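K.L.:
Each chain, written out:
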Amino acid sequence: MAPVPPAEPASASATPPTPPWWRDRRVIPWVVQAVVGLLVLLLIAFLLGNLVRNLTAAGLLLSWRWLQQPAGFDISESVIPFNAQLPYWRALAAGLVNTIRAVLVSLVGATLLGTLVGMASFSHNGLLRRLARVYVEVVRNIPLLLQLVFWYFVVFLTLPNGVAAIQLPGVVLAKSGLYIAGLGEGLRWVGPTLVNGVWQSPLRLSVEFGALLTGLIVYSGAFIAEVVRGGIAAVPKGQWEAASSLGLSWFATLRRIVLPQSLRVIVPGLNTQYISLAKNSSLAVAVGYTDLYSVAETTLNQTGRAVEVILVLLAAYLTLDLLISALMNGLNRLVQIRER
Amino acid sequence: MYRNRTRSLVACLLATGLLAGCAGEDGGVQSQKLSTITGRDKLICGVEGKLPGFSFVAPDGKYLGLDVDVCKAVAAAVLGDPEKVEYRDLNSSERFAALASGEVDLLSRNTTMTLSRDAPGGNGLSFAPTTFYDGQGVLVPVASGIKDLKGLAGKPICVESGTTTELNLADRMREQNIPYTPLKFQTSDQTFAAYLGDRCVAVTSDRSQLAGKRTSFPDPDEHVLLPVVMSKEPLTPATTNGDPAWADAVRWIVYGLMQAEESGITQANVDAKLAEAKANTNQADLRRFLGVEGDFGKQLGLPPDFVVKAVKAVGNYGEIFDRNVGPASPLKLDRGLNRQWKEGGLIYSPPFR
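Protein chains in written order, with numbering that gives the first Met the number 0: chain Y, 0 to 339; chain L, 0 to 352.
Everything labelled a hint here was simulated from the structure, so no lab data went into it. Being a predicted model, the structure only gives us computed values, none of them experimental. It is possible that some hints are incorrect.
[Claimed, not checked] Distance condition first, Cα-Cα at most 35 Å in a straight line; then the derived DSBU-like pairs of lysine-lysine:
1) L:Lys49 / Y:Lys278
2) L:Lys154 / Y:Lys278
3) Y:Lys174 / L:Lys231
4) Y:Lys174 / L:Lys146
5) L:Lys154 / Y:Lys174
6) L:Lys149 / Y:Lys174
7) Y:Lys174 / L:Lys331
8) L:Lys297 / L:Lys272
With the hints as extra help, turn the sequences into a complete structure.
P.N.:
Given below as structure tokens:
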């Protein structure tokens, strides 16, 4: 056995020897990031190349001329005027407006419902508390599509029609839609009237819209209720006790003390729920509501421009969700604790 | 197919000394799709799946219908067994994407042939011969008292989205200046559920589809087809533009079913006819058609007796029609336009030669 060479004297005071570059802590992160970045770029290049190659082979390279061609189909309800002679982009726009309309209304409805149910989970009334739990557990464990189909086919399509319709002052609910009194011709107040067995009124909501709204509100409401419950539970118990020692009622405590403090926990969670709601609205086609997805589907079938139509859809939903997200992030900044 | 290729490869190797080169098989058949299907030993066929008479699942779990029989005939001709088919239910919005992506080999799903669906700049399909000449109709409840399109003014009409039906409806109503509300659903089940739920006063679709669906209504006699025919709807099996050899094979298998009816060859007598053709060398037409002589099968990349196999599996076109949608079936449809050309119909096979 060869004699062991004496160990080199440890240079404790001297600077440590510079490691080779592949062990340099300043270099490694750059290398790793470059490699990952390169892989991502290669993947994107491969996918794009694949798309272009196959589309070229099929003679379907991206083209947007079809947007200007007349759509040729009708839309059952549209906020902006539409008819079959107008081009495809107008049809898509009408669909987008319908989507936004459904999202906005159900967003407000779901927030109200969710907040109430979330608050009810802290009620002193045991029945109310348990009802809130049952609602949340039942609704959030059933697929939304199933719920929409239930609301439409089981609830709304079994409503009576014509004379037998449900009539309240100024409001009539029939199978053909919800008729609401409003300002008619000559700024006169006009209620729903029955003309030749068909209800007519200044304001009319279709049952398809109604079923979609009900479905989205009830479904998203359950998730928002949980977010609100979490937010309220996050407020220290001492706040409740302090408020009740001041003689504030349960509701006043919640409204003036607890809810404002819980907002900073609730808002980020709410953002997620709003985004899901906007995306879930694309299930509208199941209940015959003509939203963006429904129009895009018909467009895709008539033009055969699958990639372009899907790109339009992606861009529209992405923009909608980013907008919601931006608004909610702004709100989030408002309710955060300000450092003083 | 695989065996054929091996054989031709061997032939090629043997012949290399004599010939300059061997470009492909000597039938000229180069079909990716055909080799895929034979390799997998199964045909994947896209069907509607819920349409009585055309494609639906019988209580015993088997697919039945005119569209299904086309799938079976193709499977029998290509693979020798009509049961070697995997069915995929496709709704009207999914069908073209499923075909284009290769998820299904053949679309036999009451699909109307149109220019934009055929054109390479449109959907880029390749259509086989039309198996059912149909027209768009309107179904209304008898109790509604509606007699024509004018009666539908201002009323909601149920329609399946993404169909030619939707466009024809818009065109016809615009022509006659009749206001209406189209209620669009993604599947035919939803469309008819909404109609039966009284949400619409009418439902519009191909007349054969309306007749088929009506048989599954709780009270079929309470609903009546309006006498209007709003469009031409040639329902046609389709493949993609990408594989012309496969499209040709499907085309001639379907023509084979039609020619079989014209030549009086049925499921029952096909064996006898084959024996007759083999025995009698003077029956040149029959011998070529049944693959006793000539190389029609080989030219298409199919077995020589592909017509015999197809007819033995499902019968000729007339038998398929009668069994699934004819007067004896629950649909009770007339042959109408779907008669043989000799009887004044549109069913016409080009000559097998």
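K.L.:
List in ascending order the numbers of the hints, as given earlier, that are violated by the structure.
P.N.:
none
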